[in-house]
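Participant: Model the placement of chain B on the given structure of chain A, informed by the hints.
Take a look at the letters that make up each chain.
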Amino acid sequence: MTYEPLLQRAPSTKLPTFPDREGVFGGERPSYTREAPFKIHGGCGLAGICDESGKMMSGETAILAMAVQRDRGNGLGGGYAGYGIYPEFPDHFCFHMMYHDVKAKEDAEAVFDRYFVVDLAEPMPTRPVKGISNAPLLWRYFLTPEPHQLEMTDMTAEDYVVHAVMRINSQVDGAYVASSGKNMGAFKGVGFPEEIGHYFILEEYEGHTWVGHNRFPTNTPGWWGGAHPFTLLDWSIVHNGEISSYGINSRYLEQFGYRCTLGTDTEVAAYLFDLMLRRHKLPLELACKALAPPLWSEIDRMPEEEREVMRSLRAVYGSAMLNGPFAIVLGFNGGMVALNDRIKLRPLVAARQGSVLMVASEESAIREVLDAPDRVWTPRAGEPVIARISGMDWPIHGDLRLPASEVSCAMSGVEDACDAVEVA
Amino acid sequence: MPTTLIQPEFKVEIDYDKCHKCGRCVQQCGWGVYSFNERPIPDDAKCRACHRCVTYCPARCITIRKNELAFRDNPHWNTGLRKAVWRQAESGGVMLTGMGNDKPYLNIFDHLVLDACQVTNPSIDPLREPMELRTYLGRKPDSVEVEPDGNGGYKLAEGAGVSNNIVLDAPIIFSPMSYGSVSLNVHKSLAMAAEHCGILMNTGEGGLHADLYPYADHVIVQVASGRFGVNPEYLNRGAAMEIKIGQGAKPGIGGHLPGEKIVSAVSETRMIPQGTDAISPAPHHDIYSIEDLRQLIYSLKEATGYKPVGVKIAAVHNVAAIASGIVRAGADYVYLDGFRGGTGAAPQIIRDHIGIPVEVAIAVVDQRLRDEGIRNQASIVAAGSIRSSADMAKAIALGADVVAIASAALMALGCHLCQGCHTGSCSWGITTQKPELTRRIDPEWGAERLTNLIHAWSHELQEILGALGVNAVESLRGSRERLRAIGLDEQTCNVLGVKPVGL
Chain A
1 MTYEPLLQRA PSTKLPTFPD REGVFGGERP SYTREAPFKI HGGCGLAGIC
51 DESGKMMSGE TAILAMAVQR DRGNGLGGGY AGYGIYPEFP DHFCFHMMYH
101 DVKAKEDAEA VFDRYFVVDL AEPMPTRPVK GISNAPLLWR YFLTPEPHQL
151 EMTDMTAEDY VVHAVMRINS QVDGAYVASS GKNMGAFKGV GFPEEIGHYF
201 ILEEYEGHTW VGHNRFPTNT PGWWGGAHPF TLLDWSIVHN GEISSYGINS
251 RYLEQFGYRC TLGTDTEVAA YLFDLMLRRH KLPLELACKA LAPPLWSEID
301 RMPEEEREVM RSLRAVYGSA MLNGPFAIVL GFNGGMVALN DRIKLRPLVA
351 ARQGSVLMVA SEESAIREVL DAPDRVWTPR AGEPVIARIS GMDWPIHGDL
401 RLPASEVSCA MSGVEDACDA VEVA
Chain B
1 MPTTLIQPEF KVEIDYDKCH KCGRCVQQCG WGVYSFNERP IPDDAKCRAC
51 HRCVTYCPAR CITIRKNELA FRDNPHWNTG LRKAVWRQAE SGGVMLTGMG
101 NDKPYLNIFD HLVLDACQVT NPSIDPLREP MELRTYLGRK PDSVEVEPDG
151 NGGYKLAEGA GVSNNIVLDA PIIFSPMSYG SVSLNVHKSL AMAAEHCGIL
201 MNTGEGGLHA DLYPYADHVI VQVASGRFGV NPEYLNRGAA MEIKIGQGAK
251 PGIGGHLPGE KIVSAVSETR MIPQGTDAIS PAPHHDIYSI EDLRQLIYSL
301 KEATGYKPVG VKIAAVHNVA AIASGIVRAG ADYVYLDGFR GGTGAAPQII
351 RDHIGIPVEV AIAVVDQRLR DEGIRNQASI VAAGSIRSSA DMAKAIALGA
401 DVVAIASAAL MALGCHLCQG CHTGSCSWGI TTQKPELTRR IDPEWGAERL
451 TNLIHAWSHE LQEILGALGV NAVESLRGSR ERLRAIGLDE QTCNVLGVKP
501 VGL
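Protein chains in written order, with the numbering used here: chain A, 1 to 424; chain B, 1 to 503.
In isolation and in its complexed conformation, chain A is listed as follows (with noise of 0.2 Å):
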């Protein structure tokens, strides 16, 4: 099923217009270091959903996995990411924005016109819904980097989008890049799962690859940034659970340049996987090895191949090892991959439908979803479950090569995460 309204716009670089608007915050913009000055505390519950021949499904899929784990959350977080539902778009960077007020937009615009061709913008389709209010002004943009500024910087058109979202995140007060890939979207709030899904009409979206997130926060109230997933370019990563080698995680990211502001988990984990898959270049399985390595004793009586790289994944990776409960589903353009911590100590399970792989922290959410599963299985402490679309390509997020700290500011949207940058 196409989405309808987006093809009725024509492209244009010229912005629309749009009426005065209140903030509805009714004062600053609440930020991630406001809501946790020190690390969140918090359970949550999730799922993630991938056919990989490519086919396509509707959101109301995610919607579904996600409305039977109501109980795994409280109200206030739940948001889903989606693949493959721009295919108008299909080489476009799309930002879904969020607006604290109208001058926000403009700020962000500013830079959009700057930088970009806009070749579409328009109001997030979205639909009233019990249960959900306050939500900010709900903006997609459909771009590409502006020819010759994007010559002049040096750059490619990853890292450049990168600096626009770090720019933006960290400097334009008031706004808030919820994503920034290719052909996929963040749509996520405060509120109940299912009720975000509704709000953001997730059933007219069809994608081969749909993650989930049920918040728990044990803190404040959450605020609509920062609900999951995390996002940057294509990748999205939704999380439950609490890292108890925070501390230690979060010192080896900084030695590498990446500032973990937020004090969340999920950060963490963000950047591990962009430090391994990115800059250190390790295969999937062993980065999901390294974050959530076997025992020792497992490690002893591996064939020596093996056992020498995992040996040296342990003593080189100790300090990004992920130790405490944790379930993560990492979700990008060509798959995702869903990895549980070393001795699972949070639920995660997988089953498999002829080419559609599901993973959910309940059994009741493939039951809800899957009709007839192959196979229904609870992955083992640290192995990984991954999805890959036949055809798709490796590796992800293209041509990044912006540092680290960059990488940080940009996904936080927390100035201090990174030197200020100048664009172009």
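Since the hints were derived computationally from the structure, they do not count as laboratory data. For each residue, glycine too, the CB sits at the ideal point set by N, CA and C. Mixed in with the good hints, there may be bad ones.
Partner residues are not named here, just some residues of chain A that face chain B (Cβ under 8 Å, in silico) [claimed, not checked]:
{"id": "1", "residue": "Phe89"}
{"id": "2", "residue": "His92"}
{"id": "3", "residue": "Tyr246"}
{"id": "4", "residue": "Arg251"}
{"id": "5", "residue": "Glu254"}
{"id": "6", "residue": "Gln255"}
{"id": "7", "residue": "Pro294"}
{"id": "8", "residue": "Leu295"}
{"id": "9", "residue": "Arg301"}
{"id": "10", "residue": "Ser312"}
{"id": "11", "residue": "Leu313"}
{"id": "12", "residue": "Met321"}
{"id": "13", "residue": "Leu345"}
{"id": "14", "residue": "Pro347"}
{"id": "15", "residue": "Glu363"}
Facilitator: This is chain B only, laid out in the frame that chain A set:
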């Protein structure tokens, strides 16, 4: 005139009603406190309160008390200072002492508390779940390079990996103590225990006695400024080598081994004449700067087929920059020795007034190496002084990879911290070369007690990790988020990178 103005520190009291008159106290005391004339007669002035006689008295009739002579109160001129002046006025010499700094400086370990899990993340039960302490000591690459192995899996790329690291079963090793300062039986006990526990002992600067060659895989061989006992064979007998620049108990000066302790076998092992004082030069005379250190590190590596080389330094004010230089010079580990570290012999004035606490040294070195992006290039070994598994856990949380213990190890062998190591008359047979005393340590017995100690601390560390909700020691290493300071000033908290309790 009296020969001394200094009154005895202790009073030895014997309950003669109970005394068997067996003379065992006379035989046991290495300090010559007792003479025997129908019954044992103590000379209080010689007593060091080491409790050897008390422990071995079959009648339990000996009591050692402090000789509580009243001095006019004067906290500024405390009793110790007065006695020091009298002693130096008598001798004109530098006062020597043994063991670590005993002055009541703020003890940072005692102001740090650890975290535990409640509700939002589960604690882990070390009795029922795996709890891993294995630690890799040495230089690690920035990343792991792999290539496809052709069967859908991966293998290490050529030259990648950590094959040059030393694997420890627990993040704890024995600190360097030289043969000469301690007896051969102590060395044997340490080596056997190191083998039992899958850890390392360290020769100190006194060479390696031939009896210890079978334990080579569990021995760090030290190269200090005196180069005692250093030859290619010695270097190749170690699992790793260590260049000793400084020691926490005596930063800036070399080792002291009084001639009384240089007996025949010691002289052979050290390759120096019998009975001469073995006083190492303060600096290495081939290391006058960091580039010279680099040359020595690589000379040692060349001589041994690139075994790991560590560098031991005393924790001093500028320790972070020094450690950074050491890592950049190619060291595989940096050994930080805090100012409470022990010694077999040191000038008291140096021991008590020079250096900084190891807690601070770990914190600033770990942070500096991270700031420079070279933390993975060397392990941090922390010592001086680690008194318990709690100190060990806190040191690791501050950023140490491994802790090293010596005082605690000697206490396991009977040491009572009487601070008489430099005299060569240790009644417990530890820091002596007198055959009648050294035979008091049976290496099998010593190894068992040391093994017990290492196992006990390992179990306790596992309990701590379990409470913290992690099941591998690398998740505690450098995780200062799991520490809080209680009663430390803000500046110290910042230096340590630790939040105060309540935050």
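Participant: Give a verdict on every hint.
Facilitator: Each hint, compared with the structure:
1. Below 8 Å, beta-carbon pairs count as interface contacts, and A:Phe89 has none with chain B, the closest being about 35 Å; its hint is therefore violated.
2. Because the beta carbon of A:His92 sits about 33 Å from the nearest beta carbon in chain B, more than 8 Å, this interface hint is broken.
3. A distance limit of 8 Å between C-beta atoms decides the matter here; for A:Tyr246 the minimum to chain B is near 6 Å, and the interface restraint holds.
4. A hinted interface residue such as A:Arg251 counts as satisfied when its beta carbon comes closer than 8 Å to some beta carbon of chain B; here the least separation is about 5 Å, so the hint holds.
5. Satisfaction of the interface hint for A:Glu254 is found here, the shortest Cβ-Cβ separation to chain B being roughly 7 Å, below the 8 Å cut-off.
6. Hint status for A:Gln255: holds, given a least beta-carbon distance of 5 Å to chain B, under 8 Å.
7. A hinted interface residue such as A:Pro294 counts as satisfied when its beta carbon comes closer than 8 Å to some beta carbon of chain B; here the least separation is about 10 Å, so the hint is violated.
8. At about 5 Å, the closest approach between the beta carbon of A:Leu295 and any beta carbon in chain B falls short of 8 Å, and the interface hint on this residue holds.
9. The interface hint given for A:Arg301 is broken, as the beta carbon of that residue sits about 14 Å from the closest beta carbon of chain B, more than 8 Å.
10. A distance limit of 8 Å between C-beta atoms decides the matter here; for A:Ser312 the minimum to chain B is near 4 Å, and the interface restraint holds.
11. Interface restraint check: A:Leu313 against chain B, minimum CB-CB distance 5 Å, threshold 8 Å, status holds.
12. With a cut of 8 Å, the hint placing A:Met321 at the interface with chain B holds, because the nearest CB-to-CB distance is about 6 Å.
13. Because the smallest distance between the Cβ of A:Leu345 and any Cβ of chain B comes to about 6 Å, under 8 Å, the interface hint for this residue holds.
14. Among the interface hints, the one on A:Pro347 is violated; its C-beta lies about 13 Å from the nearest C-beta in chain B, farther than the 8 Å criterion.
15. A distance limit of 8 Å between C-beta atoms decides the matter here; for A:Glu363 the minimum to chain B is near 21 Å, and the interface restraint is violated.
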